[in-house]
Every structure is written in structure tokens, then in C-alpha cells.
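Here's the letter readout for the chains.
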Amino acid sequence: MKLIKTLAYLLIILFIMPLAGCNKSEDPVPEPDTGKITFKFYHYCDGAPLDFDIRKYVNEAGNQYMVNEIQYFISDVTLHRPDASSYMIMAWKDIHYVDTDIPSTHEWKVLDEIGTGDFERITFTFGISEEKNQSLMFVDHPESLMFWPQYLGGGYHYMKLNGKWLDTNQFERPYDFHLGIGQIYDSQSGEITGFIQNYFEIEVPASGFTINKDQETVINLVMKVEKWFNNPHTYDHNDWGGDIMQKQEAMKLACENGHDVFGVLSVPPSLRYGGRSEF
Amino acid sequence: MDFGILKPKLKYYPLIFSLLLAGCTKKDDPVPVPGYQPTPYVIEAPFGFPQKMNIPEDNPMTVEGIELGRLLFYDGRMSGRTHPDSLMSCATCHLQQNAFECGIDHPVYENGFTHGLTGIPTPHLMLPMINLVWNMNGYLWNGKISNDNPNSSFRNIEDLVWMGVVAPHEMNGDTNRTKALIASIPGYPEMFKKAFGSEEVTMKRIGMAVAQFVRTLISSNAKFDRYMRGEEQLTSSELSGFVLFTTEEGADCFHCHGGFGNPLFTTNLFYNNGKDTVFPGTDDRYALTGDPMDLGAYKPTTLRNIELTGPYMHDGRFATLEEVIDFYSHGLLWSPYINPLMHHIANGGTQLIPSEKADLIAFIKTLRDEEFLSKPEFGPPAKLP
Numbered sequence: 001m002k003l004i005k006t007l008a009y010l011l012i013i014l015f016i017m018p019l020a021g022c023n024k025s026e027d028p029v030p031e032p033d034t035g036k037i038t039f040k041f042y043h044y045c046d047g048a049p050l051d052f053d054i055r056k057y058v059n060e061a062g063n064q065y066m067v068n069e070i071q072y073f074i075s076d077v078t079l080h081r082p083d084a085s086s087y088m089i090m091a092w093k094d095i096h097y098v099d100t101d102i103p104s105t106h107e108w109k110v111l112d113e114i115g116t117g118d119f120e121r122i123t124f125t126f127g128i129s130e131e132k133n134q135s136l137m138f139v140d141h142p143e144s145l146m147f148w149p150q151y152l153g154g155g156y157h158y159m160k161l162n163g164k165w166l167d168t169n170q171f172e173r174p175y176d177f178h179l180g181i182g183q184i185y186d187s188q189s190g191e192i193t194g195f196i197q198n199y200f201e202i203e204v205p206a207s208g209f210t211i212n213k214d215q216e217t218v219i220n221l222v223m224k225v226e227k228w229f230n231n232p233h234t235y236d237h238n239d240w241g242g243d244i245m246q247k248q249e250a251m252k253l254a255c256e257n258g259h260d261v262f263g264v265l266s267v268p269p270s271l272r273y274g275g276r277s278e279f
Numbered sequence: 001m002d003f004g005i006l007k008p009k010l011k012y013y014p015l016i017f018s019l020l021l022a023g024c025t026k027k028d029d030p031v032p033v034p035g036y037q038p039t040p041y042v043i044e045a046p047f048g049f050p051q052k053m054n055i056p057e058d059n060p061m062t063v064e065g066i067e068l069g070r071l072l073f074y075d076g077r078m079s080g081r082t083h084p085d086s087l088m089s090c091a092t093c094h095l096q097q098n099a100f101e102c103g104i105d106h107p108v109y110e111n112g113f114t115h116g117l118t119g120i121p122t123p124h125l126m127l128p129m130i131n132l133v134w135n136m137n138g139y140l141w142n143g144k145i146s147n148d149n150p151n152s153s154f155r156n157i158e159d160l161v162w163m164g165v166v167a168p169h170e171m172n173g174d175t176n177r178t179k180a181l182i183a184s185i186p187g188y189p190e191m192f193k194k195a196f197g198s199e200e201v202t203m204k205r206i207g208m209a210v211a212q213f214v215r216t217l218i219s220s221n222a223k224f225d226r227y228m229r230g231e232e233q234l235t236s237s238e239l240s241g242f243v244l245f246t247t248e249e250g251a252d253c254f255h256c257h258g259g260f261g262n263p264l265f266t267t268n269l270f271y272n273n274g275k276d277t278v279f280p281g282t283d284d285r286y287a288l289t290g291d292p293m294d295l296g297a298y299k300p301t302t303l304r305n306i307e308l309t310g311p312y313m314h315d316g317r318f319a320t321l322e323e324v325i326d327f328y329s330h331g332l333l334w335s336p337y338i339n340p341l342m343h344h345i346a347n348g349g350t351q352l353i354p355s356e357k358a359d360l361i362a363f364i365k366t367l368r369d370e371e372f373l374s375k376p377e378f379g380p381p382a383k384l385p
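Chains A and B, in that order, give the protein sequences. The first sequence begins at 1 in the working numbering and counts up by one. The second sequence begins at 1 in the working numbering and counts up by one.
Isolated chain A, as found in the complex:
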């Protein structure tokens, strides 16, 4: 009889213990409210959507030029809150490739769940940081076609902006405005003695936004192509010629001009009546 009582007590204790465990004060913390963010990419020149393949633009140096295609990476996109905290997008991928010839790259639906609330600005790396820019990390097209030769520093082009300009002889010449790792050459032997990381951070002006619970916030990023060629430096294709991958000085100017190349379009082109934008 005593044995039966003991077993009964044990059973009661075993039954109650798990229940007690469920009621303790360490209840699971409720999931924070989150929403999604999507980036759309637009390409403008002189305040209007870029017209490709037409030599209709004039840069600050007076070069008449056209753009045929633009391909580039942005990475380490970081969303900054007013309280100085920030969130870097990287749950699924932290590098995004944009190719003006491939529409599917013009939209990046970020998979990260972003905590709700206000954000006051967006920053990102134009190109890829030294730590991440490793050869063969992209083996599939189209990203793999951006590889930067190992001899010149390896990794990947930050950008290929290809077009043509009218040179001083009135000859329409191709320019390959390619940015990536720069080289230091020995003045005597011409041998490469070192490399220079040219990636840089961009702070997108007026890029505040709000993430609402279970909603998608769309940020319309726009590259203003003419900005690559001015402020603070006047970039003249006649000075640098058609190729700059081995001209660190030219890439340095370009990257320093890059600080204000990106902005946010409040009204994307398809919703406007036409005419000039806010730029």
C-alpha cells in the first residue's frame, strides 16, 4: 500500500513539474515586430532616366559622351536609426549586383526581417570591402564576369561603366570606366609593388524611411551618372583615355567623385508624367 502511495506521489510530481516549468517567469520573449525592405535601382543622367547608346550628354569637362551599360556591386548596406544604432543587411546576402542590361538585378528584395521603426539614413559600400573581395567567390554568371584579374589585385570589379566619348580629334572613342583594386607600380621596373583598395562608403542623402510591421518598404535608389565626372574633381576622358584599370590616379578621382552619385527617388519614373526630375 505504501508503495502504491509513493508511486502515486511520484506520478503527481512528474505531472506537475512540467506544468510548473511552463508557468515560470521566463516566458518566451515575444518576437519583435518586423517588416521587409526592397531596393529598386534606377539610372539617371542630368536629371532624367538614362538614355543608353546615344551620345547626348556633356560632362563638366565638356566631353560629349554616351553610356552603353553599367554593372556594379554594392555591399554592406546599413540602415541607421536615429538613436545611432544600425542594422546591416546580411541575413541572406550582403553583396548585390546591378546590371543595366539585366532587369532582374534592378530589384533586390531583401530577405532580412527588419525591426519596425524609423531609420534616418542608409549607407553602403560601393564595390566590395577588402575582407570580402575574394577571387572565385562568384562562380556563376553574371557576377563572375566582373572578376578583376589577379595580376591587378584580384577579386571583382566594383563597377564597369562602358560608353563612348568624342575626343579632341572629334573621334568617337570607347571608354571603360572600370573601378576596382588599384596598383602601385615601381617607377623603374614597372613592376607592381602593392595594391590599393578603392572601395568606399556612400551615405545616401535624404534616405530616411520607416519600417512598418509586416509591410514592405521600397527604397528607390538612383545612380546619377553625371556625378561620376564632377565634384570634387572634373573628370576629363581626354586626360585618362579609354581604360583606367591600371591608372590608380584616375580611379582615385572617380572614387572621390562617387560620394554623391546615389540618391533616393521619391517618385519613380513610371509614376511621373515625364519631364525633368527633382535633380
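No lab work stands behind these hints: they were computed from the structure. By construction, the Cβ of each residue, glycine as well, lies at the ideal position given by its N, Cα and C atoms.
Okay, derived cross-link-like pairs now, DSS-like style, lysine-lysine, Cα gap no bigger than 30 Å in a straight line:
id, chain 1, residue 1, chain 2, residue 2
1, A, Lys132, A, Lys93
2, B, Lys52, B, Lys144
3, A, Lys224, A, Lys247
4, A, Lys227, A, Lys132
5, B, Lys52, A, Lys132
6, A, Lys227, A, Lys93
7, A, Lys40, B, Lys52
8, B, Lys275, B, Lys365
9, B, Lys52, B, Lys375
10, B, Lys223, A, Lys132
11, A, Lys93, A, Lys109
12, B, Lys52, A, Lys36
13, B, Lys52, A, Lys109
14, A, Lys93, B, Lys52
15, B, Lys144, B, Lys275
16, B, Lys275, A, Lys247
17, B, Lys357, A, Lys247
18, B, Lys275, A, Lys56
19, A, Lys109, A, Lys227
Label-pair distances were calculated between CB atoms; the ranges are:
id, chain 1, residue 1, chain 2, residue 2, range
20, B, Asp105, A, Lys252, 44 to 54 Å
21, B, Asp315, A, Glu113, 52 to 62 Å
22, B, Phe113, A, Ile102, 34 to 44 Å
Dock chain B against the given chain A, drawing on the hints supplied.
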């Protein structure tokens, strides 16, 4: 607004679905027998190669399919004829020892220019069959055979098979005769059953099997591959050539032809590389897209085994690699359509000096892959059915 009148009633959905299915299962369009599972064949991407492959969902790689495809690839009765003078197969022109290209030393086709069974010259130059499983941007010189083609008969390697059978400048046959002949040969129906689950021989299945075999034709063990993997060193001349290959101030080949980072040695995209000033626009990329910037634009062929695949360019205008290098050094022609990557046009070319040309060619020859050129699995079968 009420769109009800435009909506098919729910009860009709099964009928619509059945009609769609009926449309997909015409007599000459069988899918592999449902439930039948041949032995899967997995292509492992070699070091540095893409992971994404162009393998249609409805034609997965199988051991049995590849085996059948290899036999058909080498069987002259694919022409639909049996007379010895009328035999023609894929391998009649696509020779393994020439990287599955005709090559300039073909015993029949003088200087690498092919013609069909009836003597009609082939209007285009051949392209080699190398690493085609990784081409995501369209086959042939202008990319006509592409998954983006609105015509579903022109989308992948499978379609190139029936095209070869019927083309007047190739086999000049018809698909009914070919499939009937193949079906009549003892041994083949059994192999179709192993590959697809039933003995039925159709042109679609023939194309599927040959395409599976062609997708196995992988070149990844040239000297340069071994250099990439750290297994072998290049000579001083080859290294100098590699530097020229991958620098803008050198020969700048890599933007279109790849290198360490794109071991396919082609982007499979399309470029006007400055060969001409006038363009008919009939067989180039423009013929497909209608975009003037595509006038005179063709695919840069892979440089793997390139020393064996002359003559060169889409029309075979250059017989030797030396002529090609001379063209890029001194012979570029300006037109409004020249690709912007051809920045050396300002000087008429890359202006390589003779020693640099020699180094560049030395490097390009490191892309010769002897294993690919002699691998028994790629070669003629010991016996046909």
C-alpha cells in the same frame, strides 16, 4: 468593375487543364514514361567553374540517356539513310581531336569550311562543343538558340539536333525518316527504353539523348586549369602572355574571353569586335534583337583548345591564331557599333610587338586540354547497334 464575364467558370478548369495536357502529349512529343527512373548522372563543377548549369528540367542527365546519346552522336544513320555515301552524324563534322569542331585539317572539309550531305555549303562557321552545359546566354554565333526564344523549338541543345537533321546544308534529311530508321535498328529501341522508359523512338527523344551526351563534354584539365589549381607552373613566356591577356594596357582579352575568375574562357555574350565597317545584319545579334548596337555582334568563342578550331571569327576569315593576334594588334576597324570594350580602337589595335604576340599565343596554348581531346568516354563507341 465586374470581370466575371472574362473569368472561365471554375467547373471548366479541369477541361481546360486536360486540353493543355493534350496539347503537350502529341505523338512525337513524349516525356519520359511517368514513374520510370533511369540512373541519375551528376555533373560536378570543376574548380572555379559555375554551379548553374543549362539543363532543362524535362531532360535531366542520366547514365542511360548519355550512353544512348553518345551512340546517336556517332551514328551516320542519323541522316536517315543507310548508303555509305549518305551517312552523316554529328561526329562527321564535330571531331573530338579538334575539340568537337571541324578544324582546319579535316579530311573532307577543306580549310574548315563544311558543307551538307548534298554539297550545299554551310552558311556559318562551326563552333566547338566545349563546356556547353554552362552556357546560359544562348547557343550559336548570335545566341538564337536560347531559353528566351519565344519559339519553343529553338531553345536548347536538344533543338540543335533536329535542326541538324533537316538543314539542307547539314544532313538534308527529315525527322520522320531518321526516327523510323533508328527505330528499325535492333538494339536502339531497348536503349530508348532504358533511357526513357519505353521503346518508342521519337525525334524529341533523339534530341534529348544527344543533348545529354553533349553536356558531358567538359574541358577542365588544360595546363592553365592545373595552374589555377596550383598543380603546375606556367613558363615565363606563358606567364607574360597571361599578363597581357588580363590587362587593359596589354591585349585586354579577358573582358570578353574570361580567365582566372571565368574559366569558360568566354562570356557567351555578344560583341562587335571591329572586324568590319558595313554590316548586313542578317546573321548577327542584331538579326535577333533589332538593336543597332548589336550590328556586327557575335559570340566570342571559347579559347579552350582554340589552336585546334580554326579558321577563326564567325566567317572563318583568319586561318591561324597569328592572323587573329595581328588583327587585334593592328587591324581594328571603327564603326559606330563597335563594342565599348574595344578601347584600343583609338590606336587601331593593341599594338603588340612580336615578342608579346609570341607570349600571348604561348599562353593561349596552355588552354589545350589533351584529356578532353582523347578521353575515351567522349570518343566513338566501339560498336554501334
